[in-house]
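**Q** Here's the letter readout for the chains.
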Amino acid sequence: MSDPPRVLLIGYGNPGRGDDGLGPALARAIAGGAAAGVTVEFPYQLQVEDAQTVAAHDLVVFADADAAATASFTCRRLEPAGRPSWTTHALAPAAVLALARDVFGATPPAFLIGVRGYVFDDFGEELSSRAQENLAAAVAWLTPRLRDPRATLLDPLAASLTQG
Amino acid sequence: MASSARTKRVVIEPVTRVEGHGKVTILLDENDEVRQARLHIVEFRGFERFIQGRPFWELPVLVQRLCGICPVSHHLCAAKAVDGIIGVDTLTPTADKMRRLMHYGQIFQSHALHFFHLASPDLLFGFDAEPAKRNIIALAAENRDLARQGILMRRYGQEIIKATAGKKVHGTGAIPGGINKNLTLAERDALLPELDQMKAWAREAIDLARGYTEDHLDLVTDFASFDSNHLGLVTPAGGLELYDGDLRAIDADGAVIFDHVENDRYLEYLGEEVRSWSYMKFPFIRSIGPEEGWYRVGPLARVNLCDRIDTPEAEAARRDFKAMTGGRPNHDSMAYHWARMVETMHAIEMIERLLNDPDLQGTDLVVSGERRDEAVGIIEAPRGTLFHHYRVDENDQVTMANLIVSTTSNNEPMNRAVEAVARKYLNKREITEGLLNHVEVAIRAYDPCLSCATHALGQMPLRVDLLDHEERLISRVEREAG
Chain A
1 MSDPPRVLLI GYGNPGRGDD GLGPALARAI AGGAAAGVTV EFPYQLQVED
51 AQTVAAHDLV VFADADAAAT ASFTCRRLEP AGRPSWTTHA LAPAAVLALA
101 RDVFGATPPA FLIGVRGYVF DDFGEELSSR AQENLAAAVA WLTPRLRDPR
151 ATLLDPLAAS LTQG
Chain B
165 MASSARTKRV VIEPVTRVEG HGKVTILLDE NDEVRQARLH IVEFRGFERF
215 IQGRPFWELP VLVQRLCGIC PVSHHLCAAK AVDGIIGVDT LTPTADKMRR
265 LMHYGQIFQS HALHFFHLAS PDLLFGFDAE PAKRNIIALA AENRDLARQG
315 ILMRRYGQEI IKATAGKKVH GTGAIPGGIN KNLTLAERDA LLPELDQMKA
365 WAREAIDLAR GYTEDHLDLV TDFASFDSNH LGLVTPAGGL ELYDGDLRAI
415 DADGAVIFDH VENDRYLEYL GEEVRSWSYM KFPFIRSIGP EEGWYRVGPL
465 ARVNLCDRID TPEAEAARRD FKAMTGGRPN HDSMAYHWAR MVETMHAIEM
515 IERLLNDPDL QGTDLVVSGE RRDEAVGIIE APRGTLFHHY RVDENDQVTM
565 ANLIVSTTSN NEPMNRAVEA VARKYLNKRE ITEGLLNHVE VAIRAYDPCL
615 SCATHALGQM PLRVDLLDHE ERLISRVERE AG
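Residue numbers (the numbering used here), protein chains in the order written: chain A, 1 to 164; chain B, 165 to 646.
Since the hints were derived computationally from the structure, they do not count as laboratory data. None of the hints are false.
Some residues of chain A that are not near chain B, with every Cβ distance over 12 Å (derived):
{"id": "1", "residue": "P5"}
{"id": "2", "residue": "P108"}
{"id": "3", "residue": "Q132"}
{"id": "4", "residue": "A136"}
{"id": "5", "residue": "T143"}
{"id": "6", "residue": "R145"}
Reference listing, derived: stretches of chain A covered by chain B, where coverage requires no fewer than 3 residues with Cβ under 8 Å from a Cβ of chain B:
{"id": "7", "stretch": "47–60"}
{"id": "8", "stretch": "94–100"}
From the structure, some residues in chain A lie toward chain B, with a derived Cβ separation under 8 Å:
{"id": "9", "residue": "G16"}
{"id": "10", "residue": "P43"}
{"id": "11", "residue": "Y44"}
{"id": "12", "residue": "G82"}
{"id": "13", "residue": "V103"}
Quantities reported herein were computed from a predicted structural model and do not represent experimental measurements. Even for Gly, the Cβ is constructed at its ideal location relative to N, Cα and C.
Could you build all of it, start to finish, from the sequences and the hints given here?
**A** Written as structure tokens, this is what we have:
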């Protein structure tokens, strides 16, 4: 029996800024029931060294707050891409994938889950009530898929999404 | 400061991840010439209010929420202030050196990230290269080894932070009066093997920054270059000090304005002006006044104002840097990159020194003292001098917090840098890619802190708005970051 695929879930965002903490909240919720072979991280933001971590996995799922989505959450396939930045305080998941490809020679399939948030202007660790509902929907959708990552690899996450 | 009715506004809006949290406004005069540039960042003062009422012992952990890039700086700065609250002026050798190791790891990783992520694409591909090429992805495609070494330098610094603070981001190592762990021999031995490689890469980065400057001297000295005062910490002997020194300020010619000012006296020498058009404070040197008393902080200021660096390779690099301007302070915004690499070498040399110091395996970690109601901590964060000033009440709750981050001090220099770029590249009533490119280059040299930035998808653009004299939008260019 072969080893299970190595799955990486990175939920990023600032938990001290209201709904911006949706990414880490999703990652923490998943972490408790994560299947074997699923690595869960919840940084404030993505950084260049995440490319090395990404390159060491077979499937990568990024999770972030989304201030504009029309659904409670979305999931889409990501491809490596880069663009200029004026700050070290932001790195897009597609850029992390590009670095994983160009520097570490790995292009694992990757997906981005965006959970709709509403309140970003305040300090505080509470998610808004609507964001909590969206988070619960995203967790319920993602959890079983990560428990069966081999199927996930064969049947990509995004293809099975009916927006919640 | 209100603009005249005839003044036209050009708004450049490098927002944090929440719309409207930061922007640069360029004011045009009635002849469409650039009159003034302003940077707005509105987040920070909210955080000062946020921490009021919290128990002071929470501060070293709580304040790390200010930033995902340099939380260690806030962690250590708050810890230093809290040391003062509990009456501790001197830590045990193990605690002091563990904190310093954490700090040098932070400097090393942050400087490496900045240089390879932001600066090197500009240096290697040029300011006018197409946007698709001016980023670390293009760097990785064209120079895989350089991109890789940047990533691995950043990772090495993060590993040092993890070994000293417990976690790579938002650790808990520094506690009131000391540190909560020493460095185990296993942790030390895991870090030692890569030291020589890190030093070699730091050496190459200095050569890259220096070589670029020498090869493009006309460009570097003409791009966002302007005289300023400089502020930073120094050792008692006047050397570069990043963790625990006294304040020194010099003027544009290098003359000392004040020197060896103890941390808790900073308000005697520095004032903070509030202006109606910005939430951001404007610090200034009191003896000069708010109009002319603004100053630079960060690598450029620190290398300009110190008399020496107490590690051999960084000191040699500092001397080369100083020789470029004949000993006068360097005032080129682009010189931040070279100075940053001088400090990167200093950081790795200090890491080497500390890793070989048996005090790090000591077990005397915490001391206590007599409780005080007020204290100040100052540290040199990667981007510049960081101030944490707290008052607490009899219930140990914070009643006042005054934080000055490096971006606050560099606010006016960044205004000037953007203004200089706009004067040169703004083409009347149109925001061009060229202007946007050069504004980005100027901002990147300083890499402003985006305190408490939020991270929702698609909300980190650099946006350039051109408004006519009646503040109607007539041109806009926007580019997402990252």
